[in-house]
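Chains as they are written, first to last, in this note's numbering: chain P, 1 to 355; chain G, 356 to 763.
Since the hints were derived computationally from the structure, they do not count as laboratory data.
Worth double-checking, as some hints may not be accurate.
[As the list claims (entries may be wrong)] Sample of chain G residues facing chain P (criterion: CB under 7 Å; computed from the structure):
#, residue
1, Thr379
2, Asp381
3, Ala450
4, Ile452
5, Leu512
6, Ala515
7, Gly517
8, Met569
[Claimed, not checked] Anything over 10 Å on all C-beta distances counts as not near chain G; from chain P, calculated:
#, residue
9, Ser84
10, Ser160
11, Gly196
12, Ser224
13, Asp226
14, Ser308
[As the list claims (entries may be wrong)] Some residues of chain P that are not near chain G, with every Cβ distance over 10 Å (derived):
#, residue
15, Ser197
16, Ser218
17, Thr223
18, Ala314
The beta-carbon is built from N, C-alpha and C at its ideal position, and this holds for glycine as well.
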Amino acid sequence: MKRLLPALLTVMSLVSGPATVLLADEVYSGIAGYSEKVLPSARDTYVSVPVRAGEAALGELTLEGSPDPDGNQDISISGLGGWSADELADRHAVRLFEGVGEGLRFPVSANNGSTATVNFETAAPSPGAIVALEEEWTLDTLFPPATQAVFHESTSKFASGRRSELIVLSPQSNSGLVSGARIYFLESGAWFESGGSFRAAGTDRIPVDAVLVIRHPSGLGGTSWDMQGIGFHGPVASRIVRESQVARSYSYGLLKLGGTTLADLNLSAPAFRESSGVAVAERVDILQRFETTLPSSPTPAATFFTTSTGWKNARAGTPVADAEVLPNGSALVIENLTAPAAHQSNWIQTGATAP
Amino acid sequence: MKTRILTGTLAMAALVSSLRADVTIDLQVGPLSGVTAATGILVADTNDDGFANPGPWIAGQTIEAGSFLGSTDELIVAVFENNDAAPWPSDTGFAEIITGIDMDALGLTEGTDLMIIWLTAAGQGGNPLAAQTKVYCLQDPSFVFPADGATISIASLTPAIGGSLSENDVEEGDTGDAPLAIRINSGESESIGSGESSFFTFQTGGGGDGVMVMLESDGEVESEVFDSSGHSMGTIDEFNGVVPAGRYFVKVTESSGVGPANVTVRVVSSGYRPDLWTQSRRNRGDNMFDVRPTRRQSYKFVSKGKRPIRYKLCAENDAFLVDSLRLTATKPKRGFRQRIINTTAGVNVTSAMFTGSYTLKDLNARSRVVHKVIVKTPKKRGAMAQTIYIRSLTDPSEADVNRVFLKK
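From just these sequences and the hints, can you work out the full model?
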């Protein structure tokens, strides 16, 4: 199996000493079933995977003092530190794994060598809670203009010269609302945001849980996005975002980490809805497992769904034990066969514990 | 007169667990020399019967999403201000990302025709009310409302930047030369994006009315009030008070730069309202302001045996502004001995009320002072009537009166 580590070193450098918090059976794999996401011409392709830059690191939270009047709280995380001043600021976030804020992410606004400053708003965790430190991509790092083959470069900043666009539907803070779309395009070897003064946007961050829409115009060919290594590393906790009630099929790249069985995935409604029966027409959400050994295949090795009596194997509609073993490195994809209700849900795989 | 300000701050919004299906429009229109765009309005032809010229309808119109233009079927979908940093010179068009168009709330369906209206301004940063003298509109078959949840581009560009737009495509509304005096989100709520500004207008009446402008926001904002000539009246806090009748303009800017602020501007134009009433279990006479004899508040108290008559007299400032109130009372009939105590200050004000020198200075809006009245009656049977006035010193025409009948 191929190990994908392009951005791993960035976060690895943040982790000091042997207390690095990684799960025992952690592996890295392609992301959405197989590594290449096809982006057809004249179409919007929705990509809903956690685009995390590098490996998240788990640790136990310590609250350093009390929050200031604005709610900014200094924290430390066991096993992590050795940062330069503000090294984490604006590109890292702390995700909670338990408590009222389970699954939510809070940006780091500042840091020194051992503490980081975040604002937990109304979801303040308890001391000792398990948290993860996650790094976000920027446009320039996720889609480097100099080598960009995913997007067709625009010939001007105006609509008349617009080619491919990247539309980012990002959860607004942690409020559950999808904020207004941000529309980016590549022109003259740099990223710009549409609207206003068409400002340069290469350093704009892409939130880990954002829904990305890659839009190719008609008249230009489709492309593909090799999604290997864009971030499905580290302990799994994601916010599953469905941005509207219209019928679309979303894919969620999940990586088996920590757990070894279907039950370990801890999937339930609304993130994963129960089907009313075993017939194809009765299925609503399915879980596909892809092999990630190379060459990766777009055909799922197995497909599962749930009914009121538990997990089923879609191939024959036969029961599958909750203890069905998922091989290490499996890439898992949730497909919505019917239009889901618009929602966001926090999904956390069991087994995320600090050593 | 000292003015007290009510600047409210809403609590941070509660966490929301469900998503809203919004539409986002990447709008690019222009640039057209001679058309200086200040405010843009996106309207939808809900009955699919074509667009009316907005000129006759827009003057005096409240411009806010969800309203119709006059009596037409044209629904206002979004209102947006020109971005000063637009890519073309002199703000001669729009380059805006219009987000958060709530299709369900507006009752819009996919495929509805859209039209862009813009109101002209003599220059950015000036007084938009005075500058809004012309209205233009632009239709194009490609301007169509998209599917729910979609992000679309609506563009009409001039040949220099790859389009075919000309000034002939833009229709001018017939509004005459007078300022349109439109109302933009007056008294309503609006979400103001990071570092952006939004606009509220309000009209005050005459007669020395006081005006209280209340700004509620869940974010950090700055505000400034302008008169109809574009002269700054200072911040909202500095503006409150008695102002000449006319139209005013509030510019609210999100100042933290970190995110949208939900802002509501409320304007209360109120005359001074002194209110005098006896305080009992039923709060008799509360909120009765009329001094006409037929509406006069009358109270009757009877003393039994040697027990004095006791009652409470409440003087209240029912206006939205600080006011100084003067209380006067006619002298009691011989044999009736009266004491009136200001219970807040613990002061006997009887003599001052009889001589007309008793004043409650700078009484806060909606606050009151309770007086305890004790009347010893004569040994023999007898009766008397007393009239008690309360009057605004700021506007002496505003007064209230009580008639009290005392009987042994």
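Tested hints:
1. Evaluation of the threonine 379(G) hint against chain P yields a held restraint, the C-beta minimum of about 4 Å falling below 7 Å.
2. Taking 7 Å as the C-beta contact cut-off toward chain P, the hint placing aspartate 381(G) at the interface holds, the least distance being around 5 Å.
3. Hint on alanine 450(G) holds. Least Cβ distance to chain P is approximately 6 Å, under the 7 Å limit.
4. Below 7 Å, beta-carbon pairs count as interface contacts, and isoleucine 452(G) has one with chain P at about 4 Å; its hint therefore holds.
5. Given the 7 Å rule on beta carbons, the hint for leucine 512(G) holds: about 5 Å separates it from the nearest Cβ of chain P.
6. A cut of 7 Å between beta carbons decides the hint on alanine 515(G): the least distance to chain P is about 10 Å, and the hint is violated.
7. Residue-level restraint check for glycine 517(G) holds (minimum Cβ-Cβ distance to chain P is 3 Å; threshold 7 Å).
8. The restraint placing methionine 569(G) at the interface with chain P is violated, with a minimum CB-CB distance near 24 Å, outside the 7 Å limit.
9. Chain G leaves serine 84(P) outside its interface by the beta-carbon criterion, the shortest separation being 24 Å against a cut-off of 10 Å.
10. Under the 10 Å C-beta cut-off, the non-interface status given to serine 160(P) relative to chain G is violated; the minimum distance is some 3 Å.
11. For glycine 196(P), the shortest C-beta to C-beta distance to chain G comes to about 5 Å, within the 10 Å cut-off, and the non-interface label is violated.
12. For serine 224(P), the condition that its CB be more than 10 Å from all CB atoms of chain G holds, with the nearest at approximately 22 Å.
13. Taking the minimum C-beta to C-beta distance to chain G, about 25 Å, the non-interface status of aspartate 226(P) holds against the 10 Å cut.
14. The Cβ of serine 308(P) lies farther than 10 Å from every Cβ of chain G, with a closest approach of about 25 Å, so its non-interface assignment holds.
15. Once the 10 Å rule is applied to beta carbons, serine 197(P) is inconsistent with being away from chain G; the minimum gap is 4 Å.
16. In this structure serine 218(P) is separated from chain G by more than 10 Å, as the shortest Cβ-Cβ distance comes to about 13 Å.
17. Every CB of chain G lies more than 10 Å from the CB of threonine 223(P), the least distance being 19 Å, so the non-interface label holds.
18. At the 10 Å boundary, the C-beta of alanine 314(P) stays outside the reach of chain G, the nearest C-beta of that chain being 28 Å off.
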